[in-house]
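Protein sequence lines correspond, in order, to chains A and B.
Going by numbering that gives the first Met the number 0, the first sequence opens with residue 0, and the numbers climb by one from there.
Going by numbering that gives the first Met the number 0, the second sequence opens with residue 0, and the numbers climb by one from there.
Since the hints were made in silico from the structure, they are not lab data.
Check before you lean on any hint, since a few could be wrong.
Pairs of lysine to aspartate or glutamate residues, derived as DMTMM-like cross-links and limited to a Cα-Cα distance of at most 20 Å, are as follows [claimed, not checked]:
#1 Lys30/A / Glu120/A
#2 Lys148/A / Glu148/B
#3 Lys143/A / Glu148/B
Only some residues are given here: those of chain A computed to face chain B with a beta carbon under 8 Å [what the hints assert, rightly or not]:
#4 Gly57
#5 Ala60
#6 Val64
Each pair of labels, with its calculated beta carbon distance range [what the hints assert, rightly or not]:
#7 Asn60/B / Ser105/A: 54 to 60 Å
#8 Asp40/B / Ser43/A: 51 to 57 Å
#9 Glu152/B / Met153/A: 22 to 28 Å
#10 Asn134/B / Asp33/A: 38 to 44 Å
#11 Gly103/A / Gln167/B: 41 to 47 Å
#12 Gly103/A / Asp68/B: 57 to 63 Å
#13 Thr23/B / Glu29/A: 53 to 59 Å
Glycine included, C-beta positions come from ideal geometry on N, C-alpha and C.
These are the residues of each chain, in order.
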Amino acid sequence: MSSLFTRLRPTLSHLSRHSRARILVAGYHEKVIDHYENPRNVGSFDKNDAQVGTGLVGAPACGDVMKLQIKVDDDGKIIDARFKTFGCGSAIASSSLATEWVKGKSVNEATQIKNTDIAKELSLPPVKLHCSMLAEDAIKAALKDYQLKRKSKMEEPVAAVAGE
Amino acid sequence: MAAFRKLGEKLLLSGTSGRRLLSTRQLNCWNCNKTISVQLDEPTFTCPCEHHVILPPTTSNYFHILQCDVQFDIKPEVIKSRYHWLQRWLHPDKYALKSPLERQFAEEHSSLINKAYNTLSDHYRRGLYMLELNNVEIDEKDNLIAGGEEFLETIMNINEEIHANPSQAKLKQLMNNNEVSLNKSITVLSDCFKKNDLEGAKSALSEMKYYINIKEEILSRIQI
Chain A
0 MSSLFTRLRP
10 TLSHLSRHSR
20 ARILVAGYHE
30 KVIDHYENPR
40 NVGSFDKNDA
50 QVGTGLVGAP
60 ACGDVMKLQI
70 KVDDDGKIID
80 ARFKTFGCGS
90 AIASSSLATE
100 WVKGKSVNEA
110 TQIKNTDIAK
120 ELSLPPVKLH
130 CSMLAEDAIK
140 AALKDYQLKR
150 KSKMEEPVAA
160 VAGE
Chain B
0 MAAFRKLGEK
10 LLLSGTSGRR
20 LLSTRQLNCW
30 NCNKTISVQL
40 DEPTFTCPCE
50 HHVILPPTTS
60 NYFHILQCDV
70 QFDIKPEVIK
80 SRYHWLQRWL
90 HPDKYALKSP
100 LERQFAEEHS
110 SLINKAYNTL
120 SDHYRRGLYM
130 LELNNVEIDE
140 KDNLIAGGEE
150 FLETIMNINE
160 EIHANPSQAK
170 LKQLMNNNEV
180 SLNKSITVLS
190 DCFKKNDLEG
200 AKSALSEMKY
210 YINIKEEILS
220 RIQI
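The shape of chain A in the complex, shown without the other chains (with noise of 0.2 Å):
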């Protein structure tokens, strides 16, 4: 193997090291590893803050696990996002791919984007597109639990009333 790489070296060399880094990590495309390299709105909000909606789904057959965080305003507007993914680049492509999408947006709008989308613009293998639904669930739980949230937020005084 080292010295498939060292008659390899000269080769490599001349490449470009934009080219040089598409061979050495063949098998996934350039815009998953600009978001692994570069993951967008990595972190996490309060969960217990009423304007946030958490989503945490996890994938038994790979062992991966993300969570997906959204900020939601009075108008029902996705005001920022955020994730942590533990597992595999493609999984942490899409958790971040899925955050950028769903911020700007509104809640009935973020239910819209599809696992198909996200693969397509990340160019996923079918092998990978397990990880893309994952994201999908995530921001679908995120709205679920945002909803709840909200709901019972809003039956609470008419809880209060009935109770007196």
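Starting from the known structure of chain A, fit chain B onto it as the hints suggest.
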């Protein structure tokens, strides 16, 4: 070589057309053409004729190849010695001077024996293989797990701790805790297979995969 393979296929076909009994199957030796009856749940490697030529693999079930019962609890030392013994006997290098057909069969056996040992010697892979034998698989789209969100939160927290540049002592502590969780899952898995509870086994294996990933992550950071 091609002619030999064709000959082998022809003989194989004549073998499978033999009368099938419940637990045995008849096949014809490619060399002496004698009819041999082989057990379905036990491997037959050679023809009992005077040349003891190698037969093509008669079973692809890993448990049968390593001659142990199809059950989760197996003795690691038993399959290890069985594996070494088989590889000493059937390794293709031993057949370098034999006919191409026999060498090909030795390669097929050797590769199957390797796969069988690699699969059965690991708790996780053995569990998955047993599910596979029962036509159950862990679906990539399947996001359900016994512990639900609470379990995922625990996994998330452990991963966050590992990635927060912990001290070596902290890493070792995380490693020990993870080993305890991993062993618990193995016990659950073993119980599920004893009760033939395949859904339970599936859920235990799903949990195990998260612990295995955590273990690899810790091992890549720990200095021994």
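Unsatisfied constraints (hint numbers, rising): none
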